[in-house]
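Chains as they are written, first to last, in my numbering: chain A, 1 to 404; chain B, 1 to 354.
One or more of the hints may lead you astray.
[To be verified] For lysine to aspartate or glutamate, the following EDC-like pairs were computed, each having C-alpha atoms within a straight-line distance of at most 20 Å:
{"#": "1", "chain 1": "B", "residue 1": "K193", "chain 2": "B", "residue 2": "E276"}
{"#": "2", "chain 1": "B", "residue 1": "K173", "chain 2": "A", "residue 2": "E134"}
{"#": "3", "chain 1": "B", "residue 1": "K334", "chain 2": "B", "residue 2": "D219"}
{"#": "4", "chain 1": "A", "residue 1": "K207", "chain 2": "B", "residue 2": "D101"}
[To be verified] Here are a few chain A residues that face chain B, going by a calculated C-beta distance under 8 Å:
{"#": "5", "residue": "H41"}
{"#": "6", "residue": "Q43"}
{"#": "7", "residue": "R45"}
{"#": "8", "residue": "S49"}
{"#": "9", "residue": "Y132"}
{"#": "10", "residue": "L133"}
{"#": "11", "residue": "V136"}
{"#": "12", "residue": "D140"}
{"#": "13", "residue": "I161"}
{"#": "14", "residue": "S162"}
{"#": "15", "residue": "A164"}
{"#": "16", "residue": "F174"}
Everything labelled a hint here was simulated from the structure, so no lab data went into it.
For each residue, glycine too, the CB sits at the ideal point set by N, CA and C.
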Amino acid sequence: MLINNKVFVTGAGIISAIGNNVDETLAAIRNQQTGIGELKHIQTRHSKSLSVGEVKPNNDELKKSCSATPEIKYTRTTLLGIVAVAEALHSAGIKNINEFKTGIVSATSVGGMSIAENFFLKYLDIDDKGDYLEYVKTLDCSDSTEKIANHFGIKDFLSTISTACSSSANSIMFGARLIKLGIVDRVVVGGTDCLSRFTINGFLSLKILDPNLCKPFDAHRNGLNLGEGAGYLVLESEKCAKDKNVFCELSGYGNSNDAYHQTASSPNGAGAFLAMEKALRLSGLHPAEINYVNAHGTGTEINDLSEGLALERIFKHQLPPVSSTKSFTGHTLAAAGGIEAVLSVLAIRGNIIYPNLNFENKMPELNFTPETKFKTDIHVNHVLSNSFGFGGNTSSLIFSKITS
Amino acid sequence: MMAYIRGTGIVSPQRTLNTTEFLAEILVSKNNFLKCVEPSYRDYLDPVMARRMGRIVKMGIAAATEALRDAKLEMPDAIITGTALGCLGDTEKFLSAIIADDEQFLTPTSFIQSIQNTVSAQIALQLKCMNHNFTFVHKGFSFESALLDAMMLMEEREASDVLVGGLDEMTEKNLLIYDRLGIWKKEKISSAKLFQHKTPGTIAGEGASFFVLSKNSSDNDYAKLIAVKTIYTPASPSEINENISSILELNNLNKTDIDLVLYGLNGDVNYDVFIESVKDNYLKNIPAGAFKHLCGEYQTSGAFAMWLAAMILKTQSVPKGILLEKNETINKIKNILIYNCYENNHVVYLLGVV
Chain A
1 MLINNKVFVT GAGIISAIGN NVDETLAAIR NQQTGIGELK HIQTRHSKSL SVGEVKPNND
61 ELKKSCSATP EIKYTRTTLL GIVAVAEALH SAGIKNINEF KTGIVSATSV GGMSIAENFF
121 LKYLDIDDKG DYLEYVKTLD CSDSTEKIAN HFGIKDFLST ISTACSSSAN SIMFGARLIK
181 LGIVDRVVVG GTDCLSRFTI NGFLSLKILD PNLCKPFDAH RNGLNLGEGA GYLVLESEKC
241 AKDKNVFCEL SGYGNSNDAY HQTASSPNGA GAFLAMEKAL RLSGLHPAEI NYVNAHGTGT
301 EINDLSEGLA LERIFKHQLP PVSSTKSFTG HTLAAAGGIE AVLSVLAIRG NIIYPNLNFE
361 NKMPELNFTP ETKFKTDIHV NHVLSNSFGF GGNTSSLIFS KITS
Chain B
1 MMAYIRGTGI VSPQRTLNTT EFLAEILVSK NNFLKCVEPS YRDYLDPVMA RRMGRIVKMG
61 IAAATEALRD AKLEMPDAII TGTALGCLGD TEKFLSAIIA DDEQFLTPTS FIQSIQNTVS
121 AQIALQLKCM NHNFTFVHKG FSFESALLDA MMLMEEREAS DVLVGGLDEM TEKNLLIYDR
181 LGIWKKEKIS SAKLFQHKTP GTIAGEGASF FVLSKNSSDN DYAKLIAVKT IYTPASPSEI
241 NENISSILEL NNLNKTDIDL VLYGLNGDVN YDVFIESVKD NYLKNIPAGA FKHLCGEYQT
301 SGAFAMWLAA MILKTQSVPK GILLEKNETI NKIKNILIYN CYENNHVVYL LGVV
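Please put together the full structure from these sequences, using the hints given.
Right, dumping it as structure tokens:
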């Protein structure tokens, strides 16, 4: 079987609380402006006691901005996905989607839950008449993937991954493997998730939400802020990417399982360590060659300690700059890996490193502190991005600058 | 890419778990829902744990445990599941609790278990398996994506023995909701007569089917999984024909090498037209069988069909009620093709005898 050795990133698209595209996102980060604040688009009794990274436009505005077909019922998850995929395809310079064998591997955790939760009682009331029944099937996670695919005419390969908060890192590595094995020539990878009462109440019941702004890697961190958004990359084989202005290469990836607890990370970050180790091995890089780590860094007590210890073990206490951009976007769940992959790719393209907001006090258990400044005077050749999820799922990606 | 099916563990609406018999008696439903025959979970789980677990999680763990036992494998190199709706029961439970108590007094158990990768995670936890752990959630491609992932890992030399499962549960609430969408037949039928009711709608099903796929052959192999292909929204039956033809060509086989085709006919007169067109034209004269009168319609029913095909190849016998032409006899069964679909998600598998 044909084995392609290289997978190139040729396009990137992003929408989150800090902007509806790459330029807005970078401007917000440069200005150290978080997108986390009050919840506006969802009706919940908890809205006053939450800080969330909500995407600013409402559904009608999103629908308009991506010229979605008016007759089709789209969920917010799908609309966010279409916006980000449109930017990714545009930046990859792809006009004719069928010129090469093209697929999409998308990730989502809630699918159309933001709608299902409002209609659930009506769904069950056989006497209630309304046109909401068309939304029933949007709860299926493939709904957003298929509607995104249909919007852009992608047909050759479709799949959807859901492994909680590592979902889209996994969709990126699965897509890369599809290219390496010659199953597709190019593939849109990433994820999309919107806020819902379901996830808000779920995380509240787990008691891991910080009512104020999250403080990743701070000694007094108090939980995470939920967010929403979408982040997608276009991955292409060497054959397709030649003559293109490519962002970088996806040089390594690794997935592992902590096998410790259904929701909590192991105290020593065993799974996180294995995922990073696998990714490094595949990339052939020495840990010292990594210039920046975009951490999972949710701001929960357990994650940041577990991830921090795993990072210290991998880098043998010689850590490159580390930051969690969740202090800007909130934790966008299944979209987080995609959003942070886009940021990693942009870090390489722009030779920039992102600050970790709200950091004040060093964690006593760790020997490092996160990067708190927006850095521009630096060479960023290799970036490691971590995404960890419930069910012990741990994933790491490594992006590398193209060297001729 | 190719893999050996070395172990199976199947929880289905038929007696398929912990039995040496191969569909000796076909269980029938009269209410348009083929519900799983569940084992005693005491054999698989601590009763205290089991009480907290959703039905699909328990069915999945039982099926996975049996597949590993069957394959005599302790630690798989990867755990991969495919599930369209994941832990639907717990999703509904948490959603109902949010609505009933107006977002107050919630406990996290059903929220945690509503997450789609709960089953693959629980298996990893039980085995302390830190290897590759993926969950695919794409409707009628969920299980097939998982199979593909497993075969890719073998090709990449990342894995030799992979635990792969396809699972979905049906709930009372979802039965009602899908009924409103017109997915089930209006008239109550006997599942045994699914293909005689030429009316709109189908019957519901569910199942948890796990397999150990191995790169290398063993004494215990059921069959070879030669190929699996997903086809999204085919424009016409000829697109299916082309895909089958290219799979055969790639494996140096001819149409005449196919000894049996298992079709995902679901009894819905509107859906079955497409499948029948492939059956009656391109695959004409090849012995034809069906399986949804045994497992019902659900997104990961392909996993049940794969088990059925693997068992037929291993035992070289076709249980009663599978063949559409009752009097047909097949002497030597070397290759079985499965053609299944769920809405616009069409899939083709090719299995071969070992």
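With a cut-off of 8 Å on the beta carbons, see whether V136 of chain A makes it to chain B. holds, 6 Å
Status of the H41 of chain A interface restraint (C-beta, 8 Å, chain B) = This interface hint is violated because 16 Å lies over the 8 Å limit.
- Pairwise hint evaluation, D101 of chain B against K207 of chain A, where the allowed Cα distance is 20 Å at most: holds, 18 Å
### Query
How about S49 of chain A: closest beta carbon in chain B under 8 Å, or not?
violated, 11 Å
message = Interface hint check: R45 of chain A, Cβ to nearest Cβ on chain B, cutoff 8 Å. Holds or violated?
response = holds, 5 Å
Interface hint status, Y132 of chain A versus chain B (Cβ within 8 Å)
Nearest chain B Cβ about 10 Å off; hint violated.
| query | Does the interface hint hold: is F174 of chain A within less than 8 Å of chain B, judged Cβ to Cβ? | reply | holds, 7 Å
Per the CB criterion, is Q43 of chain A less than 8 Å away from chain B?
violated, 10 Å
| message | Interface hint check: A164 of chain A, Cβ to nearest Cβ on chain B, cutoff 8 Å. Holds or violated? | response | OK, holds: A164 of chain A within 8 Å of chain B, min 5 Å.
Restraint check for K193 of chain B with E276 of chain B, where alpha carbons must lie at most 20 Å apart: Status holds; Cα separation ~17 Å.
Next on the checklist: D140 of chain A was flagged as interface toward chain B. Is the shortest Cβ-Cβ separation under 8 Å?
Outcome noted: For D140 of chain A, the interface hint holds, since the closest Cβ of chain B sits about 6 Å away, which is under 8 Å.
* Asked: K173 of chain B and E134 of chain A: Cα distance at most 20 Å?
  -> holds, 17 Å
Comparing the model with each earlier hint shows violations of hints 5, 6, 8, 9; every other hint is respected.
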